[in-house]
Amino acid sequence: MGRLSVNLCGIPLDNPVIPASGTFGYGYEFAELYDINILGTFSFKGTTREARFGNPTPRIAECTAGMINAVGLQNPGVVRVISEELPRLGKCFHKPVMANVSGFSVEDYAYTCALLDREPQVGWFEVNVSCPNVHGGGMSFGTDPRAAAEVTKAVRRVTSKPVLVKLSPNVTDIVSIAKACVDAGADGISLINTLLGMRISLKTRRPVIANTMGGFSGPAIFPVALRMVYQVSKAVKVPVVGMGGVRSARDVVEMMLAGATAVEVGAENLVNPYACRDIINDLPSVMDEYHIETLESIIGGAH
Amino acid sequence: MKQGIFEITANRPLTGTVFEMRLKGDTSAITAPGQFVNLRLDGFYLRRPISVCDLEGDELTLVYKTVGEGTSAMSRLKAGERLDVLSGLGNGYDMSCSGDEPLLIGGGVGVPPLYLLAKRLRAQGRPVTVILGFNTAGEVFYEDRFRELGCGVTVTTVDGSCGRRGFVTDTLPDSCSYVYTCGPEPMLKAVFRAVGASGQFSFEERMGCGFGACMGCSCKTVTGYKRICKDGPVLRKEEILWDD
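Residue numbers (the numbering used here), protein chains in the order written: chain D, 1 to 303; chain W, 1001 to 1244.
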């Protein structure tokens, strides 16, 4: 166990730094830049039962200290992820990977996770409950504790691997949703997904994003994310993976003090492709500066 | 792709809204004309993707239009300032397809990537015909630069204030072996329909990362989903699917 190592739901990580889903593809673009085996792990591109093109373009809008995306879960579908992406991923990454899964019905989630469960490299599931529930009036699973619990239970039934549920911040009471997921069998909670936002072009007087709204991420959301990680980690007994606007080793330490066992880095990968490598390299000196012997020892230190 | 720090050696206006920036740095990742770089600007979260206009040793030339706050800020940068640049992005044009009589068609700020292409094709000894389309005389740039390369150059303006009146497709030669083009999408579509020869078309899209990670700039093609930033920006005529 090194100074940086942590344990996430029974699986050791060399360090708590995890590129967030949707900002790291299936790893190989970044493997051209640096050895991605230095990462704790990474959460691969959100995978669904069927292939998806996603939303029309433009899908991206810039904001002060952040960006909005409305990619719409573009991915080749779980069958091709297993036959094409995972073999490619396995060539450049040799640690357990986090499988990020989305669905539009409870059955979708269970189906996709059951197939991915057989893949030896899948270490954890990260279940994204921010998608609309087509059988539930289109409301996101993640805004209703019962729907979130139902998805958690369905995934729990098809895998014995650790299941983390990734929560949406676009709710009035994130703690009640986190608790519902833990009660339904979640081994961990990851948060936060993006905040719903939009931009309007002064030239065209129309929304910049073709889909009108999208998910706001980047450094601007860090304080909101930190607050929610603090609230949820105080309320549940399972590990919490914190994310939202993290871009430095100091941000990682702050997230861990708020209660995160591991920390995901999202949008920053898109503007600095070396962000996670830089953060991992910077962690020891930041720890020295603040007299932190091991990262494991500071989890929830601010509670 | 490479990340590097480049030093600005010049940044000057070519027209009221189009600027030419020269930078010095490690250009070794740039392997084909039609590729782009992604610049980090102080005060802006996302990088700005700009096509490579010219490349000579360690000197890179970018020609860009001020279309928003980021490119306006870029136009105020001075020689001596340094920029964080991701270089060698995108596929670029494949010159091996050019044939004996390549035709290059650029519209507005789509003209710049054709300059390095024309220069490289001329260096191979090929006769190069270039059509440059603009809205009006005040927007015309690089006409002389293409002539200095020995290209046959026709300029068109929509209002007829410079060169021929009309669109680039109003002045097509009788024949060409292959077409390389870059410009606004309506122009690309018109070229697609008007030119019989095969060719390569460079597209533009709002990007997140510029290197294939975020899926922000995806498009549908005959051969599947492609990312404009990584699998493009250049698409072959045979694989293009228009939205309508």
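If you're looking for bench data, these hints aren't it; they were derived computationally from the structure.
Bear in mind that the values here come from a model prediction, so they are computed numbers and not experimental data.
Any given hint might turn out to be false.
[Stated by the list, open to error] For lysine-lysine, the following DSSO-like pairs were computed, each having C-alpha atoms within a straight-line distance of at most 27 Å:
id	chain 1	residue 1	chain 2	residue 2
1	W	K1024	W	K1002
2	D	K203	D	K95
3	W	K1220	D	K95
4	D	K91	W	K1237
5	D	K161	D	K179
6	W	K1189	D	K203
7	D	K203	W	K1065
8	D	K234	D	K179
9	W	K1220	W	K1237
[Claimed, not checked] Covered stretches of chain D (in silico footprint by chain W; criterion: 3 or more residues with CB under 8 Å from a CB of chain W, positions within the stretch not fixed):
id	segment
10	30-43
11	172-181
12	235-246
C-beta atoms are modelled at their ideal positions from N, C-alpha and C, and glycine is treated no differently.
Evaluation of the provided hints:
1. K1024/W - K1002/W: holds, 14 Å
2. K203/D - K95/D: Violated: K203/D and K95/D sit about 48 Å apart, past 27 Å.
3. K1220/W - K95/D: Since the Cα atoms of K1220/W and K95/D sit roughly 33 Å apart, the hinted pair is violated (cutoff 27 Å).
4. K91/D - K1237/W: Not satisfied, since the Cα-Cα distance of roughly 33 Å exceeds 27 Å.
5. K161/D - K179/D: Given that 27 Å is the threshold and the Cα spacing comes to 20 Å, the pair holds.
6. K1189/W - K203/D: Holds: K1189/W and K203/D sit about 24 Å apart, inside 27 Å.
7. K203/D - K1065/W: holds, 16 Å
8. K234/D - K179/D: holds, 11 Å
9. K1220/W - K1237/W: holds, 13 Å
10. 30-43: holds (count 3)
11. 172-181: It is violated: at least three residues are needed, and the segment 172-181 of chain D offers just 0 whose Cβ sits closer than 8 Å to chain W.
12. 235-246: Violated - the segment 235-246 of chain D has 0 residues with a Cβ nearer than 8 Å to chain W, which falls short of three.
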